[in-house]
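Since the structure of chain A is provided, determine the placement of chain B on it from the hints.
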Amino acid sequence: AQSVTQPDIHITVSEGASLELRCNYSYGATPYLFWYVQSPGQGLQLLLKYFSGDTLVQGIKGFEAEFKRSQSSFNLRKPSVHWSDAAEYFCAVASLGQGGKLIFGQGTELSVKP
Amino acid sequence: DAGVTQSPTHLIKTRGQQVTLRCSPKSGHDTVSWYQQALGQGPQFIFQYYEEEERQRGNFPDRFSGHQFPNYSSELNVNALLLGDSALYLCASSQTGTGMNTEAFFGQGTRLTVV
Numbered sequence: 007a008q009s010v011t012q013p014d015i016h017i018t019v020s021e022g023a024s025l026e027l028r029c030n031y032s033y034g035a036t037p038y039l040f041w042y043v044q045s046p047g048q049g050l051q052l053l054l055k056y057f058s059g060d061t062l063v064q065g066i067k068g069f070e071a072e073f074k075r076s077q078s079s080f081n082l083r084k085p086s087v088h089w090s091d092a093a094e095y096f097c098a099v100a101s102l103g104q105g106g107k108l109i110f111g112q113g114t115e116l117s118v119k120p
Numbered sequence: 738d739a740g741v742t743q744s745p746t747h748l749i750k751t752r753g754q755q756v757t758l759r760c761s762p763k764s765g766h767d768t769v770s771w772y773q774q775a776l777g778q779g780p781q782f783i784f785q786y787y788e789e790e791e792r793q794r795g796n797f798p799d800r801f802s803g804h805q806f807p808n809y810s811s812e813l814n815v816n817a818l819l820l821g822d823s824a825l826y827l828c829a830s831s832q833t834g835t836g837m838n839t840e841a842f843f844g845q846g847t848r849l850t851v852v
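So the protein sequences, as listed, match chains A and B. Residue numbering for the first sequence follows the working numbering, starting at 7 and increasing by one per position. Residue numbering for the second sequence follows the working numbering, starting at 738 and increasing by one per position.
Chain A on its own, in the form it takes in the complex:
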């Protein structure tokens, strides 16, 4: 069965520090992978996606993610965190690439210290 695991429920980083949020997936075929961000009480905003090709994907707001098939991982990174990055981050895998059912991880809550 397809699944997504985000091992870290809550992470706190200092403003200006680097960030890495972990995501591991279980999927039988080539996965379509996504990272979404959610501010309190809001919907989900897409940060970046991986469908195929270059395994290092650039997204909005200075985020990037690297697809590593051998490790079944799709970790999200940002070199320098801003206070406005504090939010909930969700990794997801799509069962069908084209707008198909998304399977989400539990989410990682990011807090940013001044």
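There's no promise every hint is true.
Said to hold, decoys possible - If you anchor each label on the Cβ, the simulated ranges turn out as follows:
#1 B/H804 x A/S86: 43 to 49 Å
#2 A/A7 x B/H804: 27 to 33 Å
#3 A/R28 x B/D767: 31 to 37 Å
#4 A/S90 x B/S764: 25 to 31 Å
Just so you know, these hints were derived from the structure itself, not from any lab. Built from N, CA and C at the ideal position, the CB exists for glycine as well.
Chain B in isolation, oriented as in the chain A frame:
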């Protein structure tokens, strides 16, 4: 482009009642998916509509039903509400098309509280 719009934004219902949530997809999108997000959890897929038919369904009971209209907008209906149905309900729209890599765009959600 208004993006994905959902109504209402908040709703309070009593156990046993029925509720209808509405979603208008992003312009140019023809596929609507519904998700339930309980507090502190990731969203869970309820079902997806395309061409006015339910195309995929998640592990939700028959109390959850939906509909898609010719203009691609959609409704989610929940009957016999339980306290456990309290959650943020998210609508996502996308474009189904051969050879197109598309993504789902989410609305702001409807916060349903069952008392």
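Tested hints:
1. Restraint check, B/H804 to A/S86: a C-beta distance of roughly 46 Å satisfies the suggested window 43 to 49 Å.
2. A hinted range of 27 to 33 Å for the beta carbons of A/A7 and B/H804 is consistent with their spacing of about 29 Å.
3. Separation of A/R28 from B/D767 is about 35 Å and conforms to the stated range, judged on CB atoms against 31 to 37 Å.
4. For the pair A/S90 and B/S764, the beta carbons lie near 28 Å from each other, so the given range of 25 to 31 Å is met.
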